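Visitor: Residue numbers (this note's numbering), protein chains in the order written: chain A, 1 to 207; chain B, 1 to 207; chain C, 1 to 207; chain D, 1 to 207.
Don't read these hints as lab results, they were simulated from the structure.
Keep in mind that a hint or two might mislead.
Said to hold, decoys possible - Using C-beta positions, here's what the derived DEER-type ranges look like:
#1 A:146 to B:143: 33 to 39 Å
#2 D:90 to C:143: 18 to 24 Å
#3 C:183 to D:191: 40 to 46 Å
#4 D:83 to C:160: 33 to 39 Å
#5 D:83 to C:60: 53 to 59 Å
#6 A:53 to B:68: 42 to 48 Å
Stated by the list, open to error - No farther apart than 20 Å at their CA atoms in a straight line, the calculated lysine-lysine pairs in the PhoX-like style are these:
#7 B:203 to A:30
#8 D:25 to D:48
#9 A:203 to B:203
#10 D:25 to D:58
#11 B:203 to A:63
#12 C:82 to C:30
#13 D:48 to C:203
#14 A:63 to A:30
As the list claims (entries may be wrong) - Non-contacting residues of chain A with respect to chain B, defined by C-beta distances greater than 12 Å in every case (computed):
#15 47
#16 86
#17 155
#18 162
As the structure is a prediction and not an experimental result, all values here were calculated from the model.
All C-beta atoms in this analysis are idealised placements derived from N, C-alpha and C, irrespective of residue type, glycine included.
There are 4 protein chains.
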Amino acid sequence: MPPPQARWARRKDARPAEILDAALKVFAVKGYAGARMDDIAQAAGVTKGTIYLYFDGKEAVFKSLVRDSIGTALAGMDEARKSFHGSAKTLLRFALNTIAHLITTGDRAVLLKIILSESGNFPELARFWRSEIIDRGLARMSAIVELGIAQGEFRSLPVEHAVRLCMAPLLLSAIWRSTFAQFDVAPYDYQGLIDTHLDVLLKGLAP
Amino acid sequence: MPPPQARWARRKDARPAEILDAALKVFAVKGYAGARMDDIAQAAGVTKGTIYLYFDGKEAVFKSLVRDSIGTALAGMDEARKSFHGSAKTLLRFALNTIAHLITTGDRAVLLKIILSESGNFPELARFWRSEIIDRGLARMSAIVELGIAQGEFRSLPVEHAVRLCMAPLLLSAIWRSTFAQFDVAPYDYQGLIDTHLDVLLKGLAP
Amino acid sequence: MPPPQARWARRKDARPAEILDAALKVFAVKGYAGARMDDIAQAAGVTKGTIYLYFDGKEAVFKSLVRDSIGTALAGMDEARKSFHGSAKTLLRFALNTIAHLITTGDRAVLLKIILSESGNFPELARFWRSEIIDRGLARMSAIVELGIAQGEFRSLPVEHAVRLCMAPLLLSAIWRSTFAQFDVAPYDYQGLIDTHLDVLLKGLAP
Amino acid sequence: MPPPQARWARRKDARPAEILDAALKVFAVKGYAGARMDDIAQAAGVTKGTIYLYFDGKEAVFKSLVRDSIGTALAGMDEARKSFHGSAKTLLRFALNTIAHLITTGDRAVLLKIILSESGNFPELARFWRSEIIDRGLARMSAIVELGIAQGEFRSLPVEHAVRLCMAPLLLSAIWRSTFAQFDVAPYDYQGLIDTHLDVLLKGLAP
DNA sequence: TATGAATGAGTCTTCATTCAT
DNA sequence: TATGAATGAAGACTCATTCAT
C-alpha cells in the first residue's frame, strides 16, 4: 500500500508507464470490456481523470498497451541471437529457453490472452500481433530449422509445421500460466516441460 | 385460412439449443461482455424477451453454453477409444487425430477461446473446465503414454510433461483457427501439422 | 401530476412528439448544454433510456426539435395567405397579425431563443433557420412590400430594410416573452404593440 | 542575461479586464455551459489556474462580465444626451444613432445574446439586465417620446409601445449581427436600416 | 504571480432485465 | 409462447476546481 501522503504528487513522465502497467494487469483479469477505467486508475494509484490526461480513452490505453509490448520482448531476443554462434541444435535450444523465460516471467503471457479475447472486437490489433509478433517469431524460428536441415542436423520436414511444433509447448505454457495455473495444487514445472520438449523434439528431428 | 404455425410457432423444445448455438457464435466473436442479448437473440432468430423464457439471464446462457459442450466432445472420444485395441503408438495416433478432428471442425475451438477470455470474470467456469475437460483429457492421454512406456514403446519420460507435448500442437491449432487464421492468405494445413507432429513425436518418444 | 398507475405504459407512436415537446420546454429554460437527458425524460413522463429508443442522442433530439418546427408554423401562414386577396396594406396587416399570433401563443417563441443561444455550437442549425425560416419569411414579406410600392400604397423605400422594420417588433415580442416577461409586474400588451406598430408603420410607409 | 520580464511578468492590474474580454468572446460563441475555462484562459493568453487568482470561478467570471458591461455603454449615452438640446425629433435621431453605433461596433451585441441564452440558468442576471439596462433604456427613450408628444412633434400614442417600436430595429440589428450575419453573402447595411427606420418612424409618429 | 497535473462530481449513453400486450 | 417498449443501474468521459511547484 502506498504511503497515504501526497495525493497530489505530480509525476508527469512516470504516469504513462504506470498506467499501462496497471492496465495490463486489469485487462488480463477482467478482459477489455470488463475492465473499468476506475479499476485501472486505482491500480495505477491515480484517479480516472488522470488517465485521460495521457490517453484519449479506454481504447487508446488498450492499443498503446498492445503496441508497446512488442519491440521490448522481441528485440531482446534478436540482440541475444546475433551474438550467438553454434549448431542449429544449440541455437534452437537457446531460442526456446529464451522465449520460455520471457513467457514464464513477468506479465507478458497475459498479453496473448488479451489478444485472443479481443481479436473479435479489435481485429486490427489481432492483425498487428499476427504480423509483428507471430510472423516475425515464426520467421526467426524458420531460419534456425532451415539451417539445421541444411547442415544435416535435422531431418527434412515441412518447415511451416516444424516451427509450430517447436513453439506449441511455449504457447501451452503461456496459456496454462495465465489461465489454469491458479487451480494447480502444486506449481507446474515449466522448465521441466521445456527440457522434455527439447529432449523429445531434438530426437524427433534428428535424421 | 392459412396454417396457423407462423411466427408464434411453439417450439419450446428446440429453442434452448438454438439459443445456445447462437450464443456460442456471438460470444466467440465479441467476448462475454461485448455480446449483447440483442445480438444473441437476433442470431437465434428470436427477440430478447424470448431468451428469458429459457434462461435466467446472460450469465445463465453463458454457463449453460460452457457446461453443455463438455460431454458431447469428450464422451465421443471415450466411446471410440473403448472399442479400440492396439499398440500405444496406434492409440496415440488415433487419439490425436480424433481430437484434431474435433478441434478443426465445427465451433468447438472457440469455446477454448471463450474460457481463456473469461477465466478472470468467471473463475468457477475456468475451474470447471480445468477439472472436467483439461484434467480428464490429460488423464486419458496419460494412460496412453504410461501404457507405451510400460510396453517399451516409449522412452521413460516425465508423463506430466509428455502428455502436454502431445496436446500442445492441438492447442495451437485451436487458437490459430479461432484467432489468427482469418489473416492467412492460404489456408493453413492443420492435418499436415498433426501428421508432422505424430512423425516427430513418435520418433522423439521412441526408446 | 400524472396518475401514478401505468409506469409501463406502451405508447410507441405518441412518444417522439411527447419527448420533443418536453425537450422544447427544457432546452428553452436551460439551454442545450444545461439540459439533462433526465430533465427531458422527466418532463416527458418517461425515463432516460426511453429517449434513446426514439432518438440517437441529445443532439439528435435537439436537431429534430429545430427541424420539425419549421414547416408547421410557416406552412400555416402560407396557406392562409394564398386564400387572401386585397390591398397590400390589408395583406401586411393580416400577415403581421398572423405571425404575432404564432409568436405570442404556444412555445414557438422559445425556439428563436434556442437558435440564438446555440448558433455557436450548432452553426448548421443557425444556417438552416436562416435559410428556411428567416429568408423565406423575409421573401414573403418582401413580396407584400413590393406589391404595396408597385400599387402606390407605399412610398418607394429600400425593401430589404423595410421588411426588417415590419418584422422587428415581432422579434422584440418573441424575445420579451421568452426572456423578460417573467419580471413584468403587469402582463405586457403584445396586441397593443402590434396595433401601434401597424398604425405607425402604415402611416410611415404611406406616400 | 536576458531581461527578466518574460512569461511571469506581473500584470495584476491588467489581468481581470483581459480575462473578461476573452470570456465575452468565448461565452458569445459557446454559451455559458459550453465555454470551458481552458478556452477562456487560452483566449486570454493565460492558463486555467490564473483565472482563479482573479475570480472565484466560472460563474463569477460570467457575472462580472454581465455586470461590468452596463455602466460603460449606458453612461456614455447619458453623458452625450445631457450636453444636447434640440427638438424631440433630433433627440430621437441622435439617441438611436448612438445606440446603433454601440451595437454595431465592438462586442457589445453578443452580451444581449448571452443574457437571452442564460436567462433560464441565471435568472438573477436577467432580472439585473431587465432593470439596469432595459428599463433604464426604455425610461430614457420614454422621456424623449413624451417630450415629443408634449411639444406636438409626435402624435399621441401609447408610450410604452412607441418606445419599443423605436428600439425594435436596434434589437434586430444586434441579433442579426451576432447570429445570422455570418451567413450573409454581402454584408448587411445596418446604417441603412437605421436611416430607413428613422425615416419611416418619424413620418409615422408625426401628427 | 503563474503554472498545469491531478482530482472527482456530474452527464451522456449503453444494455441487461422486466412486463404489459 | 413470443414480443418489444420501457426501465434503471453501471460505466466512459468531461471539465470546473484545487494545489504542489
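Visitor: Honestly, which of those hints from before does the structure not fit?
Guide: 2, 3, 7, 11, 12, 13, 17, 18
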